[in-house]
Structure formats: structure tokens, C-alpha cells
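**Q** So you can see what is in the structure, the chains are spelled out below.
Protein chains: 2
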Amino acid sequence: MSITTKLSVSTAATCAALTLAATAPASAEEVQKLKWAVPISFSSSLTALGDTLPWVADQMKAASGGNIQLEVFEPNKMIPALAVFESVATGQIEAGYSWMGYERGQVPASALFGATPFGLEPAQFTAWMYQAGGNELLHELFEPYNVHPVLCGTISPEAAGWFKFPIESVDQLDGLKFRAAGLGGEIMKEVGMSVTVLPGGELYQALETGVLDATEFSLPTVDEQLGFYQVASYYHLPGWHQPSTSQYLYINGDVWNDLNPTTQAVIETTCMAGTVYAMSRAEALQGAVLNSFGDKGVEAKRLPEDVLQAFRDATAVVMERESAADPMFDKIYSSMMAFKAENAQWHALGYLPRDWTWNNDAQ
Amino acid sequence: MSITTKLSVSTAATCAALTLAATAPASAEEVQKLKWAVPISFSSSLTALGDTLPWVADQMKAASGGNIQLEVFEPNKMIPALAVFESVATGQIEAGYSWMGYERGQVPASALFGATPFGLEPAQFTAWMYQAGGNELLHELFEPYNVHPVLCGTISPEAAGWFKFPIESVDQLDGLKFRAAGLGGEIMKEVGMSVTVLPGGELYQALETGVLDATEFSLPTVDEQLGFYQVASYYHLPGWHQPSTSQYLYINGDVWNDLNPTTQAVIETTCMAGTVYAMSRAEALQGAVLNSFGDKGVEAKRLPEDVLQAFRDATAVVMERESAADPMFDKIYSSMMAFKAENAQWHALGYLPRDWTWNNDAQ
Chain Z
1 MSITTKLSVS TAATCAALTL AATAPASAEE VQKLKWAVPI SFSSSLTALG
51 DTLPWVADQM KAASGGNIQL EVFEPNKMIP ALAVFESVAT GQIEAGYSWM
101 GYERGQVPAS ALFGATPFGL EPAQFTAWMY QAGGNELLHE LFEPYNVHPV
151 LCGTISPEAA GWFKFPIESV DQLDGLKFRA AGLGGEIMKE VGMSVTVLPG
201 GELYQALETG VLDATEFSLP TVDEQLGFYQ VASYYHLPGW HQPSTSQYLY
251 INGDVWNDLN PTTQAVIETT CMAGTVYAMS RAEALQGAVL NSFGDKGVEA
301 KRLPEDVLQA FRDATAVVME RESAADPMFD KIYSSMMAFK AENAQWHALG
351 YLPRDWTWNN DAQ
Chain A
1 MSITTKLSVS TAATCAALTL AATAPASAEE VQKLKWAVPI SFSSSLTALG
51 DTLPWVADQM KAASGGNIQL EVFEPNKMIP ALAVFESVAT GQIEAGYSWM
101 GYERGQVPAS ALFGATPFGL EPAQFTAWMY QAGGNELLHE LFEPYNVHPV
151 LCGTISPEAA GWFKFPIESV DQLDGLKFRA AGLGGEIMKE VGMSVTVLPG
201 GELYQALETG VLDATEFSLP TVDEQLGFYQ VASYYHLPGW HQPSTSQYLY
251 INGDVWNDLN PTTQAVIETT CMAGTVYAMS RAEALQGAVL NSFGDKGVEA
301 KRLPEDVLQA FRDATAVVME RESAADPMFD KIYSSMMAFK AENAQWHALG
351 YLPRDWTWNN DAQ
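Residue numbers (this note's numbering), protein chains in the order written: chain Z, 1 to 363; chain A, 1 to 363.
Next up, chain Z with everything else stripped away, as it sits in the complex (with noise of 0.2 Å):
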């Protein structure tokens, strides 16, 4: 650095000292003291998808100087795993943290800030929640609940899932035995599948013995610690019910207002960090997983194009009924496909094709 720099620098310095006197501090208002139990969806041992909120809550309490405390509580420890929603609503707890979609049947467009069938990607979605007026309509989908959610967590897409026997066709749909919940499994039953509802912890099984040929759970890092490798061979992706999952911190509307603004930002802005955090750690612990399949004696494979267009075009049918059965869904949906539209010829010549870069880097 020059002398003529150094000198500026110090001259600048003095009149930025002075600019910042100048400025009247703002009167602090500190971050309140809360203790909450907040109960999670899925186990914390469940990689990528279940320890984001013990990150956030060491996170929150660091940034708040101990202020703000968040005991999270397992599934079933304190209320049932899908109780979350109704118990913050109610009041019955501050918090909780869940996956949104399992509260369908009561709003049915929460299963739009979940996960949406072939909807946004992590990027994609946190552009369209943050930038592109997701946030507010989530807001405005849960006002009349009294509930505040608080974007705290996207991670990579799902699997397609896994299957007895390759899929190569979409005749080989008709009649397959699959297990998916929510839009997903609307979807699947509409291209004709059997789908049925069945819990994580009784896939293996059902695998194993037949009463399925095939099944969904979630992103490789989770689906192999539930050991689905051991009794399915063929690993199909992408999961494009499923191309973002999202989880929310579930505030009760009114202890929400009853928090001063300083609280309310270190919220915000902790869950915003959960939010990257949770999409780097998916992101970074696939490739490593996915990559010991083979190993495994497990093949992982793209769904066949016809296949993925048989769902899209059922996609389409199912999400015109129930945008017709809801408002708050129909507008939310709109926004979103909107958004994407939008994005579409910057996501397409944006970046490098996805393959590209493999076919080069594995040489």
C-alpha cells in the first residue's frame, strides 16, 4: 500500500468515526430471556433430515448469549411425532419443528412449502421464500391458525426410491406396490400405482417380505441409514416428488407477537443460517453415500423419460384438483410454478449441464 493510500485510509477512518458519533445509537433492546421445549418431526439421528434444529438451537443460544434456550425433544418424547402443528397452534407448546405437509388434511397448501412435485429445487426454493413472495404467502396460508413458521431448513432432493426389480417402462407402474404419503402418493395412484401409507420404521420389512415392491423414504444418507439396501437392489432417482424438504420452527402466533423485535431477529436470523446449513450438509454427505451403493450390490439409476413424463403429466391433473379445491393453494401453487417459469431459461443455460461436469471429472 502507498503512503497517499495510508494517508486516505487514516483520513476516511477519522471522518467515518466521526459519521458514526454523529449517528445517535439506536436504543438497545435486548434479547429476552425463553426456555422452550420444542419437540422435532424426525429423529435427530437421522442425517441431513433430523439434526438441523439441535445446530440451530447451539446456534441461537451462542448468538444470544444464553438468552434463548431450545431444548429439543425426540419424536414422541413429549407429544406425538405429528402432533407438532396442532399442539403450537393450540398453545399447548411455544414451538415445535416439523415437516411441513404433515398437517395436509387440516391446510392443505402446507404440502406446498414441504415439498412439491416437481417444484423447486433447495436454491430455487429459498430464491422463491426469500426473494420472491413464498415467505409472505406462507405467512398469510397460517395467520388464520395462529401459528408463525419460520423457514429453518432445506436439504437436497429425495430419491425416487427403491425398488424389487429395475423400472425400464411406465407399463411396469400399473399395479406396482409403493409406499408414499402426500401429493406424492396422489400422484403415484394416479399413474395407477398401489400406494399405501405405511410408517419408516415398517418399510424394511414390507420390503422384505413382498407386501411392497418398492418404496420411497427420503435422501441416500437417510435412506441408508434405514438399511433398505439390504432388501432392494435397484436405487432409482431422481426424486422428483420431492426436489426440496423443507422444515419449519412452528411459533404459536401470539407468543411470536409477544416477542420484542431483537428477539424476533436473532429467530429469524438463526433459522435463515439453519436454512444453509441444512442445504450444505445434505448436499455435501449424498455423493459419499450414494457412491458406496455399489458396493452394495445396488444399482443407482435415472427414472427412464417416459416414466418421469407419466408423472409430470399426472402432476399436472392432480395439482389442477386440488388447486380447484383451494384458494390459498391455487395461489401459492400459482406463484411457485410462476417463479419457476421465470427461472426456467437461467436454470436450463445458466450453469454447466449437470452431467457435464461428471462425465469430465470421473475421467
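None of these hints come from the bench; they were simulated from the model.
Built from N, CA and C at the ideal position, the CB exists for glycine as well.
Be careful, since some hints might not be right.
[Said to hold, decoys possible] Facing chain Z, from chain A, some residues (calculated, C-beta under 7 Å):
1. A63
2. M279
3. E283
4. E342
5. G350
[Said to hold, decoys possible] Simulated coverage check for chain Z against chain A, where a stretch passes if three residues somewhere in it have a Cβ under 8 Å from a Cβ of chain A:
6. 93-103
7. 169-181
8. 221-234
9. 286-298
10. 314-327
[What the hints assert, rightly or not] A short list of chain A residues far from chain Z (calculated; beta carbon distances all over 12 Å):
11. L46
12. P199
13. T209
14. Y229
15. D330
16. K331
Guided by the hints, dock chain A onto chain Z, whose structure is given.
**A** Same frame as chain Z, now just chain A:
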């Protein structure tokens, strides 16, 4: 919710309250009062590229109850735009915000943290940084300079650039008069291009007068602001030389070490939030701008396969040379490429092809 559930909720809540009461609260350490004058390297008027730190400063003020105040200084208002790193290292200012790579002359490997040709896309980059050792390498790299950098903003790929004629074969690269900087520029020289470094403000005229055949600058939102579409009709993508662009809050090492853990946590958390803010904002805004170029007579096109491959081959040569010259460059580039290779199969199979979605939704 059933009565049984309600009972179990209130019992559990009581237990939770007892558990929490039994835990002695950590002695709260309050966030320190800081007023830093923070220069930035890009004008805050450059959408998605320059407006992240102003957002981070607002958010950090809110989350600290007004205790942490970063006063943002536009480029050259306080120190020269490219003097951020040196001013922080010497302690003339507490902190600054810059694109990492401007200090490549002093810290060659810094380029890898700013943007790596054929390197990691935004979500892969944050995955490597936060979960696969990148952040630790960053601190190892800058520790000798007494600087603590905090990742605080990653954005979508750049474009390959604005051309006065379309690039249709690799032969056209020979002698092509192009503006580029950093590692990307070295790679372009390696394939025979005539590369000059010109400041952003001179590019429009250089293109208009034929001093340049083509130039890259940033991503569509920023390129649009600089008006290149008025003097060049071919916009090639993707920006293989810069698949993500990352900026950092540089904090003087002594200043950082004097902060208490709460203050450090607020800064780190808010910068993580800033990373997803920038990712989201950049991704959200490129579509509309790219789509608008057609009406302005601009053709947006992918670079031909053989051209991309020529750049890829030259990248290998340049990276080998840089790695041989500097052990930290070698160490960091090796870590990044090992992560990319591990992630490759997931990257290729875990998502729908990018143009698949586009083809379907554009109908």
C-alpha cells in the same frame, strides 16, 4: 387431537419445564457494542453482487439489539476499492467486505475461495465450506496475515460473456480480444485468447469501439445494469470460469480475538444468513433479466461443447501450474476437487436434468 394426547402433552410439558429449571442457565454474555466503518468492493447499487453487506448490516443490528453497527462505505469512499484486504490486515480498519481473489497477488489461493473455474456451484460451494473442510482451510490460509474471513455471501454463476459475434468453434478463440481477470483470464490466455484487464467502467466503450471483441463481467442482473446488450448481441453462458462468486467479511485477527463468543456468534450467524440471502437473491433475479434480453435483440446461447472442453483442458494446465507454485493452493484446490468428485454422481443423478424441467415447463 385426542384427550389422551392432550394429557400426555401437559405431562410432558411439565416434565420439560422441570428439566429446564433443573439446568442452571449459562451466565449470559452480552453482545459487545461495536461501531465499525466497513468498506465494500462493489457498489451497493449492483444488484445481487453489491447489496449483500447492507442487508447483513441491517440484520446484524436487529439481531444484536442495535449493539453491532456496521456502517457500510461504498467503494473508494473511504479506501481504494481493492485495498480492503490490506487495510484489514494492517489493522487500519477493523473489517471490510470484498470479493475474495483481489488479493491473489499476495495470497494466491484466495482466488479459490472467490471463484474457481470449473469449480463448485453455489450449493456445492457452501457444502464444501460449511461441511467439508473449506472453512477450516480458509482460516489456515489467512491466519498468517492476521485476518479472520467470514463467508458472507455466495451468488449464482456468472455468464461467459458478451460477444460481438457468436462463438461457434474453438478456432475463434485464437486471438480473441477479451477482458477477463484472475484465474479465468490465465486460462483464456492458455487457449490463445488476447486477454486484457480493464475496469468495469471502461468495458462498454471498449466493446463499442472494437478494442474488445468480447467481455465478461458478472451475472445477468449486473451485466444488464452496465448496458452491454447495447453494444454486443451474443450472450454466451455458462460462466465456466466462475460457477459461484463468494464474498467475505474480513475482520482483523486481533479485533476478532478480542470479541466475546456471543459477539462472534452473532457475526457468524448473520453472515451465514447473508450467504443464503445472497444465493437466494441472485438466483431469484436472473430469470427475468435473462428473459428480457431477447426483446433487446440479444441471443443467449450456451458455449459449444468443444469450446467448453478447450477451457476445461486449459484449466487443468493452469491449476497444475498454480498448485506446483504454492503449497496452500495445492492443498485447497485438492480438497475442493476431491469434494467435487465425491459429489459428482449425486450431482448428476440426484436432480432432474436442468433442461428437462425447462423443456417441460416452457410448453
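**Q** Next step is simple, just say for each hint if it's right about the structure.
**A** Going down the list of hints, with the structure as the test:
Interface hint status for A63 (chain A): upheld, as the beta-carbon distance to the closest one in chain Z is roughly 4 Å, under 7 Å. Annotation: M279 (chain A) was flagged as interfacial toward chain Z, and the flag holds, the nearest CB pair being 6 Å apart, inside 7 Å. Satisfaction of the interface hint for E283 (chain A) is found here, the shortest Cβ-Cβ separation to chain Z being roughly 4 Å, below the 7 Å cut-off. Interface restraint check for E342 (chain A): the shortest CB-CB distance to chain Z comes to about 4 Å, inside 7 Å, so the restraint holds.
For G350 (chain A), the shortest C-beta to C-beta distance to chain Z is roughly 6 Å, which falls under 7 Å, so the interface hint holds. Restraint check on the region 93-103 of chain Z versus chain A: 1 residues with Cβ-Cβ distances below 8 Å, three needed, restraint violated. Chain A is given as covering the region 169-181 of chain Z, and this is violated because 0 residues of the stretch bring a CB closer than 8 Å to a CB of that chain, at least three being needed. Residue count for the region 221-234 of chain Z with a Cβ under 8 Å from a Cβ of chain A: 0. That is fewer than the three needed, and the coverage hint is violated.
Restraint check on the region 286-298 of chain Z versus chain A: 5 residues with Cβ-Cβ distances below 8 Å, three needed, restraint holds. With 0 residues bearing a CB less than 8 Å from a CB of chain A, the region 314-327 of chain Z misses the requirement of three and the coverage assertion fails. No beta-carbon of chain Z comes within 12 Å of the beta-carbon of L46 (chain A); the shortest separation is about 16 Å. No beta-carbon of chain Z comes within 12 Å of the beta-carbon of P199 (chain A); the shortest separation is about 17 Å.
The Cβ of T209 (chain A) sits about 29 Å from the closest Cβ of chain Z, beyond the 12 Å cut-off, so the non-interface label holds. No beta-carbon of chain Z comes within 12 Å of the beta-carbon of Y229 (chain A); the shortest separation is about 15 Å. The claim that D330 (chain A) is not at the interface with chain Z holds, since no C-beta of that chain comes within 12 Å of its own (minimum 18 Å). With a least beta-carbon separation of about 19 Å from chain Z, K331 (chain A) lies farther than 12 Å from that chain, consistent with its non-interface assignment.
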